[in-house]
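Spelled out from the first residue to the last, the chains are:
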Amino acid sequence: MEISYNMKAWQLRGMLERREVSALEVLDSVLKRVEETEPTVKAYLTLTRDDARATAEATDLALSRDGAIGRIAGIPMAVKDVLCTRGIKTTCGSLILENYIPVYDATVVNSLRREGLTMVGKANMDEFAMGSSTENSAFGPTRNPWDPDRVPGGSSGGSAAAVAAGEAVWALGSDTGGSIRQPASFCGLVGLKPTYGLISRYGLVAFASSLDQIGPITRDVRDCALLLSLIAGHDPKDSTSLAADIPDYEKACLGDIKGLRVGVPVELMQEGLTPGVKEAMDNCLHLFSELGADVREASLPNLDYALSAYYIIAPAEASSNLARFDGVRYGLRAGDGEDIMEMYGKTRRQGFGAEVKRRIMLGTYALSAGYYEAYYGQAQKVRTLIVEDFRRAFDEFDVLVSPTSPTPAFRLGEKLEDPLAMYLSDVCTIPVNLAGIPAISIPCGLEDGLPIGLQIMGKVLAEAQLLRVATTMEEALDFKATPKLEGEMPL
Amino acid sequence: MIDRKDVEYVAWLARLDLSEEEKERFTRQLDNVLEHAQKIKSLDTSEVEPTPHVLPLKNVMRDDEIKPSLSQEEALSNAPHREGAYFVVPRIL
Numbered sequence: 001m002e003i004s005y006n007m008k009a010w011q012l013r014g015m016l017e018r019r020e021v022s023a024l025e026v027l028d029s030v031l032k033r034v035e036e037t038e039p040t041v042k043a044y045l046t047l048t049r050d051d052a053r054a055t056a057e058a059t060d061l062a063l064s065r066d067g068a069i070g071r072i073a074g075i076p077m078a079v080k081d082v083l084c085t086r087g088i089k090t091t092c093g094s095l096i097l098e099n100y101i102p103v104y105d106a107t108v109v110n111s112l113r114r115e116g117l118t119m120v121g122k123a124n125m126d127e128f129a130m131g132s133s134t135e136n137s138a139f140g141p142t143r144n145p146w147d148p149d150r151v152p153g154g155s156s157g158g159s160a161a162a163v164a165a166g167e168a169v170w171a172l173g174s175d176t177g178g179s180i181r182q183p184a185s186f187c188g189l190v191g192l193k194p195t196y197g198l199i200s201r202y203g204l205v206a207f208a209s210s211l212d213q214i215g216p217i218t219r220d221v222r223d224c225a226l227l228l229s230l231i232a233g234h235d236p237k238d239s240t241s242l243a244a245d246i247p248d249y250e251k252a253c254l255g256d257i258k259g260l261r262v263g264v265p266v267e268l269m270q271e272g273l274t275p276g277v278k279e280a281m282d283n284c285l286h287l288f289s290e291l292g293a294d295v296r297e298a299s300l301p302n303l304d305y306a307l308s309a310y311y312i313i314a315p316a317e318a319s320s321n322l323a324r325f326d327g328v329r330y331g332l333r334a335g336d337g338e339d340i341m342e343m344y345g346k347t348r349r350q351g352f353g354a355e356v357k358r359r360i361m362l363g364t365y366a367l368s369a370g371y372y373e374a375y376y377g378q379a380q381k382v383r384t385l386i387v388e389d390f391r392r393a394f395d396e397f398d399v400l401v402s403p404t405s406p407t408p409a410f411r412l413g414e415k416l417e418d419p420l421a422m423y424l425s426d427v428c429t430i431p432v433n434l435a436g437i438p439a440i441s442i443p444c445g446l447e448d449g450l451p452i453g454l455q456i457m458g459k460v461l462a463e464a465q466l467l468r469v470a471t472t473m474e475e476a477l478d479f480k481a482t483p484k485l486e487g488e489m490p491l
Numbered sequence: 001m002i003d004r005k006d007v008e009y010v011a012w013l014a015r016l017d018l019s020e021e022e023k024e025r026f027t028r029q030l031d032n033v034l035e036h037a038q039k040i041k042s043l044d045t046s047e048v049e050p051t052p053h054v055l056p057l058k059n060v061m062r063d064d065e066i067k068p069s070l071s072q073e074e075a076l077s078n079a080p081h082r083e084g085a086y087f088v089v090p091r092i093l
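Chains A and B, in that order, give the protein sequences. Mapping the first sequence onto UniProt numbering, position 346 (from 1) lands on 346, and the numbers just tick up by one. Mapping the second sequence onto UniProt numbering, position 6 (from 1) lands on 6, and the numbers just tick up by one.
Hints in this document: simulated from the structure, not taken from any laboratory. All C-beta atoms, glycine included, are put in the ideal place defined by N, C-alpha and C. Be aware that a few hints might be false.
What the hints assert, rightly or not - To be clear about the criterion: a stretch of chain A counts as covered by chain B if any three or more of its residues have a C-beta under 8 Å from a C-beta of chain B, and this derived list gives those stretches:
id	stretch
1	306 to 318
2	329 to 339
3	342 to 348
4	360 to 373
5	384 to 392
Based on the provided sequences and hints, a complete structural model is requested.
Next up, the structure:
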């Protein structure tokens, strides 16, 4: 049986079980694709070919014996380089962690290893997940497989680009203000930001601890459900992880959306939508109605303040979290031999890139004496208003929908010197993190050959419902386009 | 809104050495972002409680049991400068 570069994980899983392909054949097809497209795309910071080969061989051995293999065994995955992997370099896209080799696995990595994780490599990202384009990586940008002159989105841009290019079948990302959903949208993929606390953050290098969540980036909703079911659940090592019942997310995909109450927040439909995004949204709303959903306008007035509140809260938490990079226990050290203050200052000057410095400065300012109440205190209160807006909206609606990003992928360099313009690219995704609710992005159209994403937001712990709505829309939208990247397409 | 002296003070608080060029650039860029952040000041929040995080969790307790943890060798394995069982730091006083 032939393996094509854009097969879903669940299809490959079936082929492995029926012995139509071997795990090594699947891996080799992906590694061949890496050889062909990685020089253009640059999705990975570290390739772990040997590690992947060893697990693929173990999978084939198990298949040849009793056939008992892990649920994701033999299906190549990219892992964002913000997740600690034991014995494998974890850089967070930063010079300060250029040589950092974790001595433990993140809980999600550990869970996936037990299910046969076949890891192709560690994916590129904006430094410490701060950015919307992956241009803030200290090791160079990743390019969008749909158009190499454009960004793949960020901060999980390497993860999304790897999956879109065929350099991995699926990936793990992290999302603090849109970092899974926006790159998924820019690369024509499915990306889920789960409810805050559904997935353990143990071993996820912290950016903004009250907002960060790990989640899947996949080629369809079913793969998303499968991956989610393996990483969700309580972890005693993360005191903010929820003790929630985990439903069968794959089964949850089945059903219809007749009578579903769909709200369209007007606040997310105004700021700078391109004509193509507007048109794609109109089409989605039309499809929702055709499928029997009840679509109405919603109003969450405080969403207008979400971006401003976020760009106080996230940098404030980041400035505190990144204080740990002090040149003592791990990471870069510069200015040794002088006094400790010089060492701190020089280490952080050399180790951090421009955006990280900017956010540390912004956060430190917002937390400093005399400004704390006016900025951080006020932002936390605005966050309450946003949480309440969502709560009220979900009394009236089952899900809320918006574009994932106001525009398709922008050009490299386009927003690099204007931080505020870059921040605006997350205007539709940020409110979700502030409220701690789940949201999924699915591809819903093209503008000038570039993918557009539909964001579906749900109540706390409503992942099962989101997956069902997303599956129904995915079928109706029937999005089949794939990137036209140089190289042999069918492997 | 924010001037070069503020930038120098905040950089000191954050233990960040900045170049002259960075000081100039950050003054301008932070001013822009803070200008945008002014928006939240217009909301009346006198009756609103802050949300530091969204979970309905307070103290999370567990039994104080001894469990396996990192070996000393592992804990020190990423240290930029070590001597025997110690992290070495520059002069503090």
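Hint check results:
For the stretch 306 to 318 of chain A, the proposed coverage by chain B is satisfied: 5 residues have a C-beta within less than 8 Å of a C-beta in that chain, meeting the threshold of three. For the stretch 329 to 339 of chain A, the proposed coverage by chain B is satisfied: 10 residues have a C-beta within less than 8 Å of a C-beta in that chain, meeting the threshold of three. With 6 residues having a Cβ less than 8 Å from any Cβ of chain B, the stretch 342 to 348 of chain A passes the three-residue criterion, so the hint holds. A count of 6 residues in the stretch 360 to 373 of chain A with a Cβ less than 8 Å from any Cβ of chain B is obtained; the coverage claim is therefore met, three being the minimum.
Coverage of the stretch 384 to 392 of chain A by chain B holds in this model, with 3 residues showing a Cβ closer than 8 Å to a Cβ of that chain against a need of three.
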